[in-house]
Amino acid sequence: MAKILDILQEFLHEIEQDNPYKLIGKGGTILSLFYLDRHRESEDLDFDTTLERSQYQNIESYFISILEQLKSRKLIKSYIKGKSGLAATNRYHMNIALETYKTFHTKIDVDFVETAKSPEKKGELLYYPIERLFIGKLITFIARKEFKDIVNCANFVA
-11 MAKILDILQE FLHEIEQDNP YKLIGKGGTI LSLFYLDRHR ESEDLDFDTT LERSQYQNIE
49 SYFISILEQL KSRKLIKSYI KGKSGLAATN RYHMNIALET YKTFHTKIDV DFVETAKSPE
109 KKGELLYYPI ERLFIGKLIT FIARKEFKDI VNCANFVA
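Quick note: the sequence shown, position 105, residue 93 per this note's numbering, numbers continuous.
These are calculated hints, taken from the structure and not from any lab test. If you're wondering where the values come from, they're calculated on a predicted model, not measured in any experiment. All C-beta atoms, glycine included, are put in the ideal place defined by N, C-alpha and C. A few of these clues could be false.
Each computed DSS-like pair below joins lysine-lysine, with the alpha-carbon atoms no more than 25 angstroms apart [to be verified]:
| hint | residue 1 | residue 2 |
| --- | --- | --- |
| 1 | K71 | K105 |
| 2 | K105 | K10 |
| 3 | K65 | K10 |
| 4 | K90 | K10 |
| 5 | K59 | K95 |
| 6 | K(-9) | K71 |
| 7 | K110 | K10 |
| 8 | K105 | K(-9) |
| 9 | K10 | K109 |
Simulated restraints on C-beta separations [stated by the list, open to error]:
| hint | residue 1 | residue 2 | range |
| --- | --- | --- | --- |
| 10 | S42 | A104 | 28 to 38 angstroms |
| 11 | T103 | K59 | 12 to 22 angstroms |
| 12 | L63 | K105 | 27 to 37 angstroms |
| 13 | E102 | K62 | 19 to 29 angstroms |
| 14 | E119 | E87 | 35 to 45 angstroms |
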């Protein structure tokens, strides 16, 4: 039975094959999959892109095409795209319900940034180095004080 982290890993694998929107992975899922040996069951995907905000609908269509690929490969039975769109914070959000043996609720966030310094690369997927992810998690913990952000930080020093 596929867990949400398995599905998100397959989603990222599709981006490794083709990344037309220069997506740069960040956040807990990238940290868990690329650096900390799946230290926790992360629930969402976070990206940066240096493209213009006006590309958000094309990026959304790209994400839908990846979900269709996962469905055709029978990794998910179906999906429902929930609320999506641009936020006032210069961020694109898309909520998704993924059906496998149960329904997983997840989201994808994309921040539109001016520059992205020194990303790593796995296939076509770009992602931030561990030091940048660590600093990002510290900042996130200060802002929202969620336990999962401390778990992320603790795993850096473990």
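Quick rundown of the hints versus the structure:
1. K71 with K105: violated, 31 angstroms
2. K105 with K10: holds, 13 angstroms
3. K65 with K10: Between K65 and K10 the Cα gap is close to 28 angstroms, so the pair fails against 25 angstroms, i.e. violated.
4. K90 with K10: Violated: K90 and K10 sit about 32 angstroms apart, past 25 angstroms.
5. K59 with K95: It holds: about 17 angstroms lies between the C-alpha atoms, which stays within 25 angstroms.
6. K(-9) with K71: Given pair K(-9), K71 holds - Cα atoms ~23 angstroms apart, limit 25 angstroms.
7. K110 with K10: This hinted pair holds, its Cα atoms lying about 12 angstroms apart.
8. K105 with K(-9): This hinted pair is violated, its Cα atoms lying about 32 angstroms apart.
9. K10 with K109: holds, 11 angstroms
10. S42 with A104: 28 to 38 angstroms: violated, 18 angstroms
11. T103 with K59: 12 to 22 angstroms: Violated - the Cβ-Cβ distance for T103 and K59, about 35 angstroms, lies outside 12 to 22 angstroms.
12. L63 with K105: 27 to 37 angstroms: With Cβ atoms ~33 angstroms apart, the hint holds.
13. E102 with K62: 19 to 29 angstroms: violated, 40 angstroms
14. E119 with E87: 35 to 45 angstroms: holds, 37 angstroms
In summary, the structure is inconsistent with hints 1, 3, 4, 8, 10, 11, 13 from the numbered list given earlier, while agreeing with the others.
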